[in-house]
Every structure is written in structure tokens, then in C-alpha cells.
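Peer 1: Just so you know, the sequences run in chain order A and B.
Heads up, the first sequence is in our numbering, so the first residue is 1311 and it goes up one at a time.
Heads up, the second sequence is in our numbering, so the first residue is 1311 and it goes up one at a time.
Hints listed in this document are in silico derivations from the structure and should not be mistaken for laboratory results.
Fair warning: there could be bad hints in the mix.
Same chains, same names: a pair is fine if it fits in one copy or spans any two.
Unchecked claim - The calculated lysine to any residue pairs, modelled on SDA-like cross-linking and capped at a C-alpha distance of 25 angstroms, are:
1) 1424 / 1350
2) 1368 / 1424
3) 1424 / 1363
4) 1416 / 1363
5) 1416 / 1399
6) 1368 / 1381
2 protein chains.
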Amino acid sequence: MPDRNSILVCVTCRAAGEPLEAPAERPGARLYQALMNVVARRGAPVDLIAVECLSVCKRPCTIGFSAPGKWTYIYGDFAPNERAAETILDAVALYAATPDGLIPWKQRPDALKKGVVARLPPLAPRNDVDLPEAAE
Amino acid sequence: MPDRNSILVCVTCRAAGEPLEAPAERPGARLYQALMNVVARRGAPVDLIAVECLSVCKRPCTIGFSAPGKWTYIYGDFAPNERAAETILDAVALYAATPDGLIPWKQRPDALKKGVVARLPPLAPRNDVDLPEAAE
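With the hints as extra help, turn the sequences into a complete structure.
Peer 2: Quick look at the structure:
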């Protein structure tokens, strides 16, 4: 499996009570576009994965960090703009630097501390045959 | 990859404001024990995976459904008892019967409709080489 770190982006996220926007105008889609802009500008080594609904509808905009063999994290409460995209890209660089997806608490940006929705342990390796431990 | 369906169980889940229980007395650990009892009684073909914190601390008890190639779902608000465990086992049987983890809305039990915390698309296959489409 490649060692790429991914940002999942809910492109259907929208604020409750707002009139229904066209799909491309939804806050989630706008955050996805902002992330694409910042990734392109930085040449960041990360995959952006658009997802139709991460089922966190009460905390738009919602994203996730995922990579093979790492904990997956889901975060909410992001604004649909480039400033939020910059924060997310800074944070995924910290995630990418960990072996297991666990960013030490003291290094964790406030947006991740406050915005955490859920996390999941690395699942894929659990289903494979036993692999030798990394030398660390 | 085996085609097993898993229930992730947050064994550290506890109610806010309660005195700190011994680990085995935490609501999450009690739900895990109740699930083990019901799985054994039914001979249910499901893996129980104990997880130390799914980071959904405001909605105990929290669980997840996961299987290779399927959407992963995270649910909260379960009581730590065998009645909840029965509900969860009934629901995971519906999940197991789907090819993609998406239980049709009309079939979805109320506990899953109200308790959903988040969902994630199937990630592992996305990182593999292109596989031929199933004939369907």
C-alpha cells in the first residue's frame, strides 16, 4: 500500500437552515476547492478525497485524515475558506509526520483539539496476516 | 482480505461528570462485555474489537461498524447493557447483509438513525491497484 496521507472532504456539508445551495456552492464544496488551491500552491504531498456526506451534518464543514496503517480522524467546524484550508494543510503535515496518526497533544492545533468528531484505529492491517514489527 | 464484519467498541466510554470508575466498570467496558455475551449466545459471525477511545466522548457509549470494502459507521448514545447489545447485533446483521455498508434508510433501526456520529468511505481498496468491477 502506498504511504500517502489523505484528506477526506465532505463536499455536501452545509449550514443548517440555509437555503439549499447548488452543489458547487455548498460550504463543503467550497472548502474542497479552497483545499485544492492551497495543495496546488504548496505542492503538498497529500491526496484530497471528495466524499458525499461524512454524516456529521451538525458540524459543517467536516474533514478527515487517513493513511494506511494509521488512526483515521474526523474533524468538524471548519469554515469554507482558504484560511481554514491553510490550517488543515498545516495539520495534515503533522499527521503525515507521525508513524501512527497520533499527533502528540501539545503539538495538536486548537482546530483539531476542539473540532474532533471521532477517530478510528488502523483497520486494514488488522485484517492482514501478521506483519513483522517495524524496527522503529 | 477476509469478509468479516467488525463491531468496534470504545471500552473507555464513560458518562461526563461521573466519578472515575475502574477500567472494567466503565460504561464502554460494560457494553463490550454485554456484546461478548450476546455474540456468544447467538454465535454471531462478527468480530468485536475493543478500542481505547473513539474520541466521541460526549456521546457514550460509542461503537462502530466496519468491514473490508464497506463504509465504516460510528454510532453513539448506547446504554451499557444487554438490551443495547441486542439492538447492536441486530443492526450489524443488516450491515453485514449489504455489499457496501449502506443500510437502506427504511430498514435502518432508530438507534442508528439517531445515533449516527460519522461515516467514512471504504478506504483500503482506494489505495490498491485498480480492481476489475464486480459483475453485479
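Peer 1: Would you list, in rising numerical order, the hints stated earlier that this structure does not obey?
Peer 2: 1
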